[in-house]
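Listed in order, the protein sequences are those of chains S, A and Z.
Numbered per my numbering, the first sequence spans residues 1 to 167.
Numbered per my numbering, the second sequence spans residues 1 to 989.
Numbered per my numbering, the third sequence spans residues 1 to 454.
Don't take each hint at face value.
To be verified - Chain Z is nowhere near these chain S residues, computed Cβ spacing over 10 Å in every case:
#1 Gln4
#2 Gln26
#3 Ile28
#4 Phe61
#5 Ile65
#6 Gly66
#7 Thr74
#8 Arg146
#9 Ser159
#10 Glu166
What the hints assert, rightly or not - Now the stretches of chain A that chain S is said to cover, found in silico as 3 or more residues with beta-carbon under 8 Å:
#11 793-806
#12 812-819
Don't read these hints as lab results, they were simulated from the structure.
From the three backbone atoms N, C-alpha and C, an ideal C-beta is built for every residue, glycine too.
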Amino acid sequence: MDAQYLIGVFEEEETLIAAFRKMKEQGIEIEDVFTPYPIHEILEKHGKRSRITIVGWFYGFFASIGILAFLFYTAVINWPLKYGGKPSNAFPSFIVITIVLTIFSITVLSLFTFSWRANLWPSNEKPIYHQGATNDKFVILVNKERADVNMATSVMKESGAIEVIEK
Amino acid sequence: MEKYWRSIEEYKNGSSPREERGVREEHENVVVDLLDSKVVEANGSRRDFLKLFGFSFATAALVSSCEKPIQKAIPYLIKPEEVTPGKASYYASTFFDGTEYCSVVVKVRDGRPIKIEGNHLSPVSLGGTSARVQASVLNLYDDARYKEPALNGDKISWEDVDSMMASMLADGGNTVLVTPTIISPSTREALRKFLLANPGARWVQYDEVSASGIREAHRELFGSPIIPGFHFDRAEYILSFDADFLGTWIAPVEFARGYAFTREVSTAHPYMSRHVQVESGLSMTGSNADERIPVTPGESVLMLGTIYNHIAGATGQPSIFTPPSALSVDEIVAELIAHREKSLVLSGSNDPDIQKLVAGINQMLGNYGNTLDLERTCMLKQGNDREFEDLDTSLQQGEVDNLILINVNPVYSLGGFEAMKKAGFTAYMGSSLNETAGACQLICPDHHYLEAWGDAEPVKGSYSLQQPCIHPLFNSRAWQDSLMKWAGETRSYEDLVKFWWENMIAPREEKGDENWWVKTLQAGYHEAPQVMPETGKYNPPHVEISPAESDLFLTLYSTVALNDGRYANNPWLQELPDPVTKVCWDNYLSVSPADASGMGLEDEMVVTVDGIEMPVLVQPGQARGTISLALGYGRQKAGKVGDGIGINGFKWVTTRNGNRNYTNDRIVLEITGKTYPIARTQIHHTMEDRPIVRETTLEEYSSDPTAGNHFHLETEEHNQTLYPEAKFDGFHWGLVVDLNKCTACNNCVVSCIAENNIATVGKEEVKNRRIMHWMRIDRYYSEHPDNPKVLHQPVMCQHCDNAPCENVCPVSATMHSNEGLNQIAYIRCIGTKYCINNCPYRVRRFNWFRYLNNDKFDFNMNSELSRLVLNPDVTVRERGVVEKCSLCVQRIQEKKLEAKLENRTLRDGEVQPACVQSCPSGALVFGNLNDPESKVSIKKSDERNYHLLEQLHTLPSVGYLTRVRNVKPEAASGEHPASEKGIRDEQHG
Amino acid sequence: MYNTEVRGPLILGNKSLNQITADITSPLYARPKFWWIVAVGISSTMMLLGFWAIYTTISTGIGSWGVNNTTGWGWAILNFVWWIGIGHAGTAFSIFLLILRQEWRSSINRAAEAMTVVAVMCAAIFPALHMGRIWDAFFIIPYPNTRGPLWVNYNSPLFWDFSAISAYLLISASFWFMGMIPDFATIRDNTTSRVKKGVYGFLAMGWRGSVGEWKRFEGLSYILGGIAAVLVVSVHSIVATDFAVAVEPGWHSTIFPPYFVVGAIFSGFAMVMTLMIIMRKIYKLEDYVTNSHLERIAKILMFVSLIMGTAYMTEIFLAWYSGNEYEIFTFFHNRITGEFTKQFWIMFTCNAIIPQLMWFRKIRRNLVIVFIISILINVGMWFERFNIVVTSLSKDFLPSAWATYKPTFVEVSVYIGTLGIFILGVLLFFKFAPMIAISEVKAVNKFQLNKREK
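If we strip away everything but chain S, and leave its shape as in the complex, we get:
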């Protein structure tokens, strides 16, 4: 038969975590885990940690430099004007603007990054393995090619999966 995935469905956070730990110990490769709310142990143990925060920091860094440069160029080099006897290089004012616009750019950029990396965008259709995963069920997804099916099934059953579906 052509089912590709093994899906373990759990009622409780605890049973899920238990199963998750066991499988990790026995080296059963877990494809993915679906939970209605973030469970930190799993987020930490499964897969690489997200680098989006670092990226965000760089966005901020370069944005602020870029904005300051822009302000300086437009106000001092390209078209200096006299305002109220102040020098055209009004640095204190620049700071205020830089802060705000940096925040602006970070928001925009990291939003796009998020939607790209987590591949989420409007009307994006992705296979949904279990309806309950966003409500009250906890789901472990195992790829049959890369893991011993029977073992995985038994582990999950033992640690309290209410059902193990093949899909």
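Mind docking chains A and Z on chain S? Use the hints.
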């Protein structure tokens, strides 16, 4: 202009009418190309005006193409080639509206007169103008003007008019001409011719606001009915009874300059005249006085009489009978005697008895021949009330067949002129609609003074010429021309003017000399070396004073804005706030605070005077027991702007000793429950003890030049700055206002309106505090409300070097120029109004609505014709942008370019903003602050100089000189250089 | 981590995960109630009135308002500041409480954020509308152009304002939306209606709650949380500089930025309080928005009101202490006494005095009173803005230029219109969006259960 003839033949036989037409069309086209982009502001109206302008061009063309005599719209001393679109040309001319005289220079732009400037060559008006003169240019484009002659409301051609009048006059019968005062020699000649040709004809001069009392008094005392010439510049002590000589009385412009001359104080010259004003209502003149004594008219007569007797006693002259005055006059008498020959006593009253006393006092003090001139007498106000009374009676008896009224409006200014209906036939000659014209059968449209030839002799022996600056807009004709035609004259009035000047006025050696005529026309004036005195020996007055007994006097006065009401249809003047009350668009009954609290009256309450409702204004400084009402309002047929605004005060004019009298002691005042809103441009009247207008006394000043101005020194020390002081290479424009010379006459305000296309917003919007004037004159009261000290301060954009407004504009629509000007790019403004909020002087104005072409604002900018007055050099602002004083940057640029073309640096005083150019008192000085020699720099370094709100460290380019009051009698006595050297010597020599 | 036993449970009743979902999403499935339709009707009428006023303003000019050449700003700007203030609650709520690890925020922040977004949109209307030439508004954007290029004036607080407000609108909107993604997914997976499936599926953007999604989701919320925290403080500080940078007496003061930020939080939290009391009552969400939640907000309000009082006193004291005659006039002769006395004392009473009643536990726990107080606070805050904007402008340096200010019907209508928009926005949110963060509540709930079991 080589195109005038196409072939030699054509050239030989001269151009035939057909070809003339060809030529004309061609030139119209030329004009069109040249002007298309130039007169954008005047969009719709371009066509009408091009017709005229095209015609003038064509005629100009004909000058060079054929020999026959030509009627020119452009005087030929300006060569037509020089009429370059986009470049203004200036013509010297003369303003005289029947009451007020002024020698002017008319700025003509693309064939349109758009601005009146003062003529600095004139020995009479000395380059000054008044608010009314400034606004008169708008009357040229008034929709209420008559477009063509009409008989009983139907169109009629001039030919028919002439034939009709010819037959009419041929029938003989009594013809009476009623004119305003005629000061034009050539017009007098024209009239003489008419009277000769029509034996039955009579000529009466009529002044809406009469001064015949003065003439009558002088006839009795000096044997000839004159008004003496006044030399305020020689007066050290001025005692004025109800005479508003700086605002409206006789010749305010002339007087203001002389008066200001004696108010000029500096460390080198710590003297000034002393001015005491005795009056009932607080007039503009009174507000400038060093000391003001509010009294009722009844009381002031007694004071005058008592003063007369004291001085008579002191000089061994016979005294007169008078009940003693309740007020002590000893100090006044003492000062008068201390200032023999250097004092001036005036009275605004039209009662010959009072004028006799005044003349008597001046005579006893030896002022005649010094401050008063019996040779170069004043030619204004020649109207004779008694003569007019006679006319009235003969009208009543139906003895008058033809009544010809010329530029007079008795139906309004007599508060009704029933007798007129009894005349067999009535004709009106005048340029625009009014009540009298409405009651006449025949209407003969007259030119506006900017369209007409003429001349004037305001002061005996000094003449000035009036030349047309635009081809008549409508089918009008100079009334002198009509008279001469009807008198069977073949010459035109223009020829008469020229003839008269070349033969009668020109000095003997120059007679008939063309060049002299040209030169004079350019200068606009001529002064005869000497004149013959007409007066005989003095015989003292025999007057018995019986004061009017009343507990409530109504005094009627003419306002700085509307004068006697002839300008009621002029939106600029209607919106001009009164210098003292700051009210516009209405007249009102001024009541003294004491009486008000007594009667339980408050501002805007409505009372009835003899059954006529009018709003009340509680006026500090109003004498107890008096109420004042402005003349000139309540016009019924003035035009769309002036109709039905205010109450006609002429109803209360009485007759006293045969002359019209402007006080009324038989009135019934009743309080109604109603209220009526009044539009005021200033609602808070004290300075809250803030150092805004700074003043000192002459005594303190002479001991310490910085008196009253110590705050300036303090701030100079304390003001620190984070940034380097602003430096300006080349020019740094600056303006200094001498608060001691400014009389608050509001000339600058209207001048600014005319120059900068400032919108009129109407009463409602003024009430909403949205008046658009770029320049305002703040007025503050201090001390006791019964007799407050009054302070005036012209405030325009201060052009701060650290301008708060510039910092806050997000789109950099307002920023600083390299010449120290605070400028706005209207096109860039998005109207956040932040700059308005952040301007501590509140001189910025926002375009709340579209004021151009908007029926909600049906004033000059909503009429194709009136839009012709717009100045093409200044943008008409769009709705939603902020505007303000630019120190007339367009004028600065113009002069800079001129200087550049002539490859020289600008001369000091060459650039003059509109407000500065025509200031009658010379209170404003403009120039380059970078040049230490310039007038303005010198003024700015004066100890009296300070800046408005300088503690905010905005570093304004505008400075003010402290007001100095001559309160201590001693200070004024002794040496007074003003009397050594007259103002005229200073001007020409 | 803070301890629930001390302050009682965050979520009452031992809810199952499914139960939570059901409770919170119930309004989505229920047919709209009568009161809801009425409310929508009323608020849309108000909104239409507002649109009419906006049309009049733009077509005839700012002249249709009561502002004049002395008082250049009036209702428009004061309402702008007022709305921005209210708009501060949401983000402040989520961010500060997130940073402070206040788990109890999770049942409230969603609604608060929704409120923020609508309020900021209302606020944004005013600065745009009060411009004389709104059609040239784009001049404020510094972009290369054919006019020189002519850039903008970076010294102007209005430009700072412009940048700050747009940034704030963007970030609070995205923060709000992002938070809803998992919940949209929940709805998508639990609804039976095809339409809802389609719509919420579209909005859920394919969320499945996978590890990768949750990781990045948390990462992003940390980023946004971090920068939004800065923004919340800076936005209102910048709004404050609109006044503080000017020379006007009563404006030119360094106390303004902190004073405005606190004021904003004050009015914002008060508005949250108002809404929460209504919401929990109507939608029977007392178990999620518990009395203890409200009491906590009440305590915050009480404390912030103290700060406000201090700020007012400081201002007045400094005006007197500076010896600056203009400041003294503005505060003592134009606010405490004088033409605008009424407005000043309403402000002072509502903001500095009345909230102090909540020192008493009884009052604090009496929802009716708390509800009234929360409304009074926003009245008071409105008058605070009135005091700042109008009194300073109408009577400043030159008495000759003094003028008073009365709003016109058009001006008032614009304000009513924005109220309509706000109410309508909130109503739609109640009806069509998960008004409490489902996933967060689940987490909190679970965490609580664990605590109990121990």
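Against the structure, the hints:
1. Gln4: holds (16 Å)
2. Gln26: holds (19 Å)
3. Ile28: holds (16 Å)
4. Phe61: holds (13 Å)
5. Ile65: holds (16 Å)
6. Gly66: holds (13 Å)
7. Thr74: violated (4 Å)
8. Arg146: holds (16 Å)
9. Ser159: Given that every Cβ of chain Z is farther than 10 Å from that of S:Ser159, nearest at about 18 Å, it holds.
10. Glu166: holds (19 Å)
11. 793-806: Result for this restraint: holds, n = 7.
12. 812-819: holds (count 5)
When held up to the earlier numbered hints, the structure conflicts with hint 7 and nothing else.
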